[in-house]
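Chemist: Protein sequence lines correspond, in order, to chains A and B.
If you read the first sequence in the numbering used here, its first letter stands for residue 5, the second for the next number, and so on.
If you read the second sequence in the numbering used here, its first letter stands for residue 5, the second for the next number, and so on.
Source of the hints: derived by calculation from the structure; they are not laboratory data.
Being a predicted model, the structure only gives us computed values, none of them experimental.
Which copy? The list can't say, so a pair holds if one copy fits it or any two copies do.
Taking lysine-lysine pairs in the DSBU-like style, the calculated list, with each CA pair at most 30 angstroms apart, reads: (1) K226 / K249; (2) K94 / K175; (3) K203 / K257; (4) K101 / K175; (5) K97 / K52; (6) K249 / K135; (7) K135 / K52; (8) K135 / K215; (9) K94 / K203; (10) K97 / K203; (11) K249 / K309; (12) K249 / K94; (13) K309 / K26; (14) K97 / K175; (15) K135 / K175; (16) K257 / K106; (17) K103 / K175.
2 protein chains.
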Amino acid sequence: MATITIPEPLPSPVEDSEALRKAVQGWGTDEKAIIRILGRRNATQRSKICEAYQQLYQESLLDRLDSELSGDFRNAVIQWTLDPVQRDAKMAKEALKSKDPKRLLVLVEIACASTPDHLIAVRRAYCSLFKCSLEEDIILHAEPPFRKLLVSLVSAFRFDEAEVDEAVAQKEATALQEAIKRNATDEDHVVWILSTRNKFQLRTAFECYSKIYEISIDEDVKNSISGDLESLLATAIRCIHSPEKHFAQVIRKSIEGLGTDEDSLTRAIVMRAEVDMQRIKEEYQEAYKVKLADDVIGDTSGDYKDILLALIGEDNL
Amino acid sequence: MATITIPEPLPSPVEDSEALRKAVQGWGTDEKAIIRILGRRNATQRSKICEAYQQLYQESLLDRLDSELSGDFRNAVIQWTLDPVQRDAKMAKEALKSKDPKRLLVLVEIACASTPDHLIAVRRAYCSLFKCSLEEDIILHAEPPFRKLLVSLVSAFRFDEAEVDEAVAQKEATALQEAIKRNATDEDHVVWILSTRNKFQLRTAFECYSKIYEISIDEDVKNSISGDLESLLATAIRCIHSPEKHFAQVIRKSIEGLGTDEDSLTRAIVMRAEVDMQRIKEEYQEAYKVKLADDVIGDTSGDYKDILLALIGEDNL
Numbered sequence: 005m006a007t008i009t010i011p012e013p014l015p016s017p018v019e020d021s022e023a024l025r026k027a028v029q030g031w032g033t034d035e036k037a038i039i040r041i042l043g044r045r046n047a048t049q050r051s052k053i054c055e056a057y058q059q060l061y062q063e064s065l066l067d068r069l070d071s072e073l074s075g076d077f078r079n080a081v082i083q084w085t086l087d088p089v090q091r092d093a094k095m096a097k098e099a100l101k102s103k104d105p106k107r108l109l110v111l112v113e114i115a116c117a118s119t120p121d122h123l124i125a126v127r128r129a130y131c132s133l134f135k136c137s138l139e140e141d142i143i144l145h146a147e148p149p150f151r152k153l154l155v156s157l158v159s160a161f162r163f164d165e166a167e168v169d170e171a172v173a174q175k176e177a178t179a180l181q182e183a184i185k186r187n188a189t190d191e192d193h194v195v196w197i198l199s200t201r202n203k204f205q206l207r208t209a210f211e212c213y214s215k216i217y218e219i220s221i222d223e224d225v226k227n228s229i230s231g232d233l234e235s236l237l238a239t240a241i242r243c244i245h246s247p248e249k250h251f252a253q254v255i256r257k258s259i260e261g262l263g264t265d266e267d268s269l270t271r272a273i274v275m276r277a278e279v280d281m282q283r284i285k286e287e288y289q290e291a292y293k294v295k296l297a298d299d300v301i302g303d304t305s306g307d308y309k310d311i312l313l314a315l316i317g318e319d320n321l
Numbered sequence: 005m006a007t008i009t010i011p012e013p014l015p016s017p018v019e020d021s022e023a024l025r026k027a028v029q030g031w032g033t034d035e036k037a038i039i040r041i042l043g044r045r046n047a048t049q050r051s052k053i054c055e056a057y058q059q060l061y062q063e064s065l066l067d068r069l070d071s072e073l074s075g076d077f078r079n080a081v082i083q084w085t086l087d088p089v090q091r092d093a094k095m096a097k098e099a100l101k102s103k104d105p106k107r108l109l110v111l112v113e114i115a116c117a118s119t120p121d122h123l124i125a126v127r128r129a130y131c132s133l134f135k136c137s138l139e140e141d142i143i144l145h146a147e148p149p150f151r152k153l154l155v156s157l158v159s160a161f162r163f164d165e166a167e168v169d170e171a172v173a174q175k176e177a178t179a180l181q182e183a184i185k186r187n188a189t190d191e192d193h194v195v196w197i198l199s200t201r202n203k204f205q206l207r208t209a210f211e212c213y214s215k216i217y218e219i220s221i222d223e224d225v226k227n228s229i230s231g232d233l234e235s236l237l238a239t240a241i242r243c244i245h246s247p248e249k250h251f252a253q254v255i256r257k258s259i260e261g262l263g264t265d266e267d268s269l270t271r272a273i274v275m276r277a278e279v280d281m282q283r284i285k286e287e288y289q290e291a292y293k294v295k296l297a298d299d300v301i302g303d304t305s306g307d308y309k310d311i312l313l314a315l316i317g318e319d320n321l
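Given these sequences and hints, build the entire structure.
Modeler: If you want it as structure tokens, here you go:
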């Protein structure tokens with residue numbers, strides 16, 4: 005479901021490194037070459053290029069890109085070139101350091117829209133990069149209404165197959181509804197439903213919710229809970245229920261209205277280009293009656309636009 | 005720190021399989037040969053032997069041992085031959101199914117006396133063996149006073165290096181003491197201290213506790229909290245503070261008095277023979293003024309005695 009286009013035959017990591025070196029050396033930088041190379045390699049290939057570049061030139065490719073590029077284009081290229089696990093660990097740290105509850109949503113995305121193995125890898129990387137566990141930092145930096153749900157969501161290691169018990173789903177739909185109505189979504193039993201059940205089981209529970217209460221659980225959260233806790237809970241539910249819907253919404257919100265929220269736009273595209281971008285594009289088209297690529301073209305420009313288009317598989321460089 | 009003695013030169017997995025096949029075939033079983041082979045191979049070597057045996061004879065070595073052997077000897081050989089991760093996942097399942105709160109201690113041992121990577125591997129194995137997460141089964145089977153601490157302890161992924169903040173240790177010693185006095189050890193902030201901090205940090209907090217309150221935290225737990233919750237908490241604290249002390253105590257308790265608790269004796273020796281049995285033996289001698297091997301010899305007999313002695317490095321087969 006990835007959207008990047010990998011050339012055939014694929015140049016070797018050494019050839020790619022040499023081409024990248026040419027692109028960043030001397031006066032001026034060849035941004036298009038950088039996009040053509042890095043924007044068309046998957047995570048494993050990018051990691052091999054970083055290693056080969058380091059060996060060949062005794063410098064870090066990431067550091068070099070950081071010093072040669074600027075603005076939103078630099079952010080997109082750096083985030084994309086980073087190993088996805090390291091990138092997510094760093095994004096989690098940035099979000100926690102910012103003390104901005106809105107930015108905590110990225111932790112929910114990492115916890116609820118990743119595979120169990122990716123989430124564990126991020127927790128491991130977090131420990132080795134920052135000398136403490138991700139959970140310790142959440143407890144230190146996040147405020148009480150968000151803290152508990154976040155700690156449990158990032159600590160999850162869900163069963164990753166479609167084992168569904170309809171009776172349990174019905175019971176838990178009711179438990180969720182009662183907690184939402186009582187504004188008691190931080191009770192242990194609610195947090196455990198959201199953080200220990202497999203995603204297929206939870207999706208069934210959310211569907212039971214819609215059937216029994218004639219309103220979707222995210223709508224109900226929106227009506228009953230307010231502020232940043234609502235958006236944290238709703239994000240968790242959306243990321244579990246349908247990550248493609250969630251990320252289509254993130255992209256749409258970053259673009260609509262005056263001005264663009266480049267950080268959110270970059271994050272969503274970089275995080276999902278190799279995961280489910282094809283489905284996000286379909287979802288986007290269906291929900292907003294416009295092509296994702298057209299919205300990106302309308303709201304961005306220059307090299308930044310080009311790298312985003314490359315990542316969603318719509319560039320013509 | 006392991007106590008098993010691996011022969012040099014090491015026979016190949018095929019040679020070991022052939023010798024094991026001879027030991028289990030025909031009338032009568034050669035138990036000594038089984039001990040001499042499996043009791044002197046590490047986990048990786050045992051796993052290769054299982055593979056080679058399966059390939060050579062189209063049968064599972066574990067199944068064959070299960071049908072040829074009996075009693076405590078069988079249990080010890082089977083538990084030892086199992087991959088340690090699978091063994092721990094199965095022990096966790098058995099403990100949860102038993103509905104006996106005393107048996108939940110094995111979950112605490114797995115959560116608090118293992119490395120973060122081993123614990124994650126056990127959670128992964130649990131999912132694939134039992135089609136649900138370990139946490140889901142804890143919530144289903146364990147009663148409320150144990151449930152919350154257990155879910156958090158097994159979900160931990162602690163930073164695994166000696167980063168200690170003395171001020172935090174002091175503050176958290178006080179928080180722990182207050183919670184113990186108020187019998188409120190299931191409050192979120194207490195559970196988080198015990199389940200998210202690195203072990204070096206927690207050991208410092210436990211030492212601060214002793215200094216400030218002139219009583220060790222385990223003594224205080226014993227005096228203030230009663231029943232199975234006390235023993236769960238005390239086990240968690242001991243496994244974090246000094247696993248060798250904990251397992252020396254488990255072995256001693258399984259032996260002292262009339263009769264022997266073979267299940268606990270086997271579990272402690274099998275779980276720790278490749279981890280820290282050398283230190284457990286030293287701790288045992290110091291605490292009880294008797295050699296662990298002498299206590300094992302005094303309380304067990306036959307092949308069961310011999311396999312235990314092999315695992316603690318004291319056999320003369």
